[in-house]
Amino acid sequence: MKITRRSALALAGSAVGAAAATRAAAQDGKEVTLTILSHKVHEIVARGLAPGTTGGDIAGEWAKRNNVKLVWITADIDPMHDRLLRELTLRSTAIDLAFVINKYATPRMSRLLEPLAPWNQKEPIEDFKGIPPNLIASTTYNNSLFAIPFRHATTGLHYNQAIFKERGLSAPPGTPDEVIDYARKLTFTRADGTKVNGLTVPAGAGPFAVLSMLNMFGAELMDQKLNVKVNSPEMIKALRTVHELYKEGVLPSNYATLSIDEVITSVQTGQAAMVFDPFARYTIYNDPKKSKYAGQIKVIPIPADPASGRKIVAMTEIWSMVIPKNSTHKELAWSLIRDLSSPANTIRAALNGNGPIRPAAYNDPRLKEKLPYTQQEQIAISQATTIPSSYDASGQVNMIFMEESQAAVLGLKTPEEAVASMQKRIVPLVKR
Amino acid sequence: MMKKPGSAAVALLAPVHLLLLAAIALPSLYVFWMSLNESTYGADPVFVGWRNYEVVLTDPYFWRAALNTFVVTNVVVYLEVAMGLGLALLFTSGLPFRKLMFAAVLMPYAVSEVVGVLAWKILMDPNYGVIGRTLADLGWGMNWSASPVQGLVLVSIISIWQHLPFTFLLLYAGLLSIPRAVYEAANIDGAGPVRTFCHVTLPLLVPTLLIVVIFRLIFAIRMFSEVWLLTKGGPARLTEVLSVYLYEGAFRNGEFGTAAATGWLMVVSSILVASFYLWQMQKRIASGNA
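Taken in order, these protein sequences are the chains called D and H. 1 is the number of the first residue of the first sequence in the working numbering; add one for each residue after it. 1001 is the number of the first residue of the second sequence in the working numbering; add one for each residue after it.
Only chain H is shown next, with the shape it has when bound in the complex:
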């Protein structure tokens, strides 16, 4: 059972909590208040209750953006976790030129997000992009600016490329933290690589995997720059994700009330998604399997 923190500990922790309150809780509450008002540039807010939520939830463009966000988020997060795990296993199993490979894998994280997306945009241009043009010459051309599906596929590829280092690093650290003795015991018991992975590595890696999935799901739900810089939500608003929908509403149309409502709906959906994984983690902690 955990010991109750004393007054000295509370006093020492208080500044951090006050900072969190000032930096996160208060702006969030302000946005919530704004979501209950009709608000635009240069006009005083007018209280409208839940009407903004009603407007957003009955807007077909919101639901299309929500569907795109759902699909892209799931594709990106689970593919990325699978790739990150594969890479981490490769590194722990011993890889030639490890330092060089390590630098290569981490490189996308060192590139600014905007620069990365624009570089991909140029590379994938069907007319003069090195990759886009080569693919077109091979008969596998992608017309991502005209096809919403291909647009979202490219968005997913870019997002995975950008965030793979983060996923890889956490999983690699998780793998390194598994005691060698456990593997030695599995080896003595005659377990092959697949059984060792399924019955030793994976169960012991679950807490790390849960953390990775929680972080990446929350980040991916907020995805903006990949879509905005590549397609601006087009063609015909068909590749819009929730954050682009929110941005257009707030800063193109000046409708801060509905944009704030969209923001809060995104927060709620993030909490709902994360709570499942947090619940799983809590269960493992309680059972002593963490």
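Looking at chain D on its own, in the form it has when it is part of the complex:
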């Protein structure tokens, strides 16, 4: 689309007009509807909907203060981003605020989002510097800030203490070799015929959890400068090990299609002894209403290969808040972003189960008391890396990784063939 000066002025004029109309409507006592597109988890942590959490209804309080009716449209990760991208390409959208995950936050998407630096200059987020600069950098392209980080989902190693005890293990694994060794020891069949898998991972849900597991062996898809590193001895070793675990029945036989919900069920019912999954899953794994092992599922950072010189490895996904360029209630949306990003509300959302993007939040005594796993999470987040997505073909690269890694794990290809193919197919997409 060609942007002429006239069309730019018209757009700016209509945006200002819409913002003024919104503010006027809110001030007149007329309720305004603000529509949010997100994953269900964001509504849960922003409104304190999870049972037993203590952070309260942050978004609801803001809505009441501003005489706004909040409408949450929630969906799973892929469908909600699909919807958002479609909304962003319309002449105007009813979506006022959306949450995007870093793997979808590509330059292509950023061009369809409202630049937020001018808003932050006009009405700054409280203690903006408290948000780590590397997170802000990941939501900035061409010097334009297009999203404000809200949540991190950092992977840890969850383990079932009761099954550990049953199999004669007294402490969690401290090295990758121990993880593999323990996973084998924890694989068995109960007297009633129930199979327990020593290790599981939501491999059907996308590349993140699988890469977190492979990362334990030092394997990575690409570095932060977008150098594709997939054809490496570490990746070959990692895929070969995971293939062996699959062949031995340590990993579930339906590894390739395992969804997050299926993994949660298998951990809650004691059909899986260890799982690579975000720290925040601790609450649901230990939910007394749903879990047979409430209070016995513990979580630690993923141990690193001692030869690497590191103690732990961690990968994280960042969810950020964005305002569509073609939305109408930008002022209110920015107001809600500011509110949810404040230091106090970051802690409250963390108490509701959110991964806080402000490191200072971890020092809060309430968090230490109510959610003890966050202390382990704090250690992990300090070392965590993301899968870079600052190129438009991020989705295709994820698909290629899923395809080739599944082929290697299931034995349809050798690890060497799979990584060579990945490298060959991914490099041109990243450079495009």
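These are computed hints drawn from the structure, not numbers from a lab. Hints should not be assumed to be uniformly reliable.
[Claimed, not checked] Ranges of calculated distance between the beta carbons of each label pair, as one might list FRET restraints:
| # | chain 1 | residue 1 | chain 2 | residue 2 | range |
| --- | --- | --- | --- | --- | --- |
| 1 | H | Gly1086 | D | Arg111 | 44 to 50 Å |
| 2 | D | Gln423 | H | Ile1024 | 42 to 48 Å |
| 3 | H | Ser1287 | D | Asp76 | 50 to 56 Å |
| 4 | D | Arg184 | H | Arg1098 | 34 to 40 Å |
| 5 | H | Gly1086 | D | Ala191 | 40 to 46 Å |
Source: prediction; values computed, not measured. Glycine is no exception: its CB is placed at the ideal position from the N, C-alpha and C atoms.
For chain D, the structure is supplied; the task is to place chain H on it using the hints.
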């Protein structure tokens, strides 16, 4: 010879044709235009001529998806027609608890497609699924998430389960429309059940069978939810069918041009498949055997 419709008839039919034009023809033309352009989210389309078709037709993943679609479509449609015919014959020959059985046969059609597939997925889970686990305990375990062949077998089973009521209903109606007098004549001539079926029922049922096959072939070529919800085209994209290939291209990769080209290739293949059966029907109508 058919009478030419008058201007009043044309005027009365015009709204329907205009509606069809607006709802089907115009979007189809728009998709065709899009298939000649490079198009993605937030960017203006760039005309590239037939390049998208070239890209799709030289993509090995397209051909694998096409082969999977071909195999699954044929297995599903012909097995389903055979089963639907068997059931319809059973019902017309007199069945105890007919109303109850009728409700049981139609039930899958009342279940939402998504719910149906997810229920099958849970039932067939090798670890905790009632059917999957039982089969595994009996030594006939299906690892449909790891084996592409088994994955496609399960996809076919689910598709047949979901669409059997449709096939059954049409064939049952077709059987009921055959005049009883024809059967009485066959009986007087001394024809047994097999001869009656081969020489009376089947020939008279051919028009209905053709309609059933046309509809089901077109529906099955578009099959999406069974594959998407069960395997997402995996493992390693080996169970992908054409509609999943199209969806991934359009809504995961944002490549609307190639996805539109895939869509049009699917339309063309549907027309080619359907035209054979339509030609058969036309031939029968012309010869007065319809």
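Status of each hint after checking the structure:
no. : hint                                 : result
1   : Gly1086(H) <-> Arg111(D): 44 to 50 Å : 58 Å, violated
2   : Gln423(D) <-> Ile1024(H): 42 to 48 Å : 45 Å, holds
3   : Ser1287(H) <-> Asp76(D): 50 to 56 Å  : 54 Å, holds
4   : Arg184(D) <-> Arg1098(H): 34 to 40 Å : 57 Å, violated
5   : Gly1086(H) <-> Ala191(D): 40 to 46 Å : 44 Å, holds
When the structure is compared with the earlier hints, violations turn up for hints 1, 4 and for no others.
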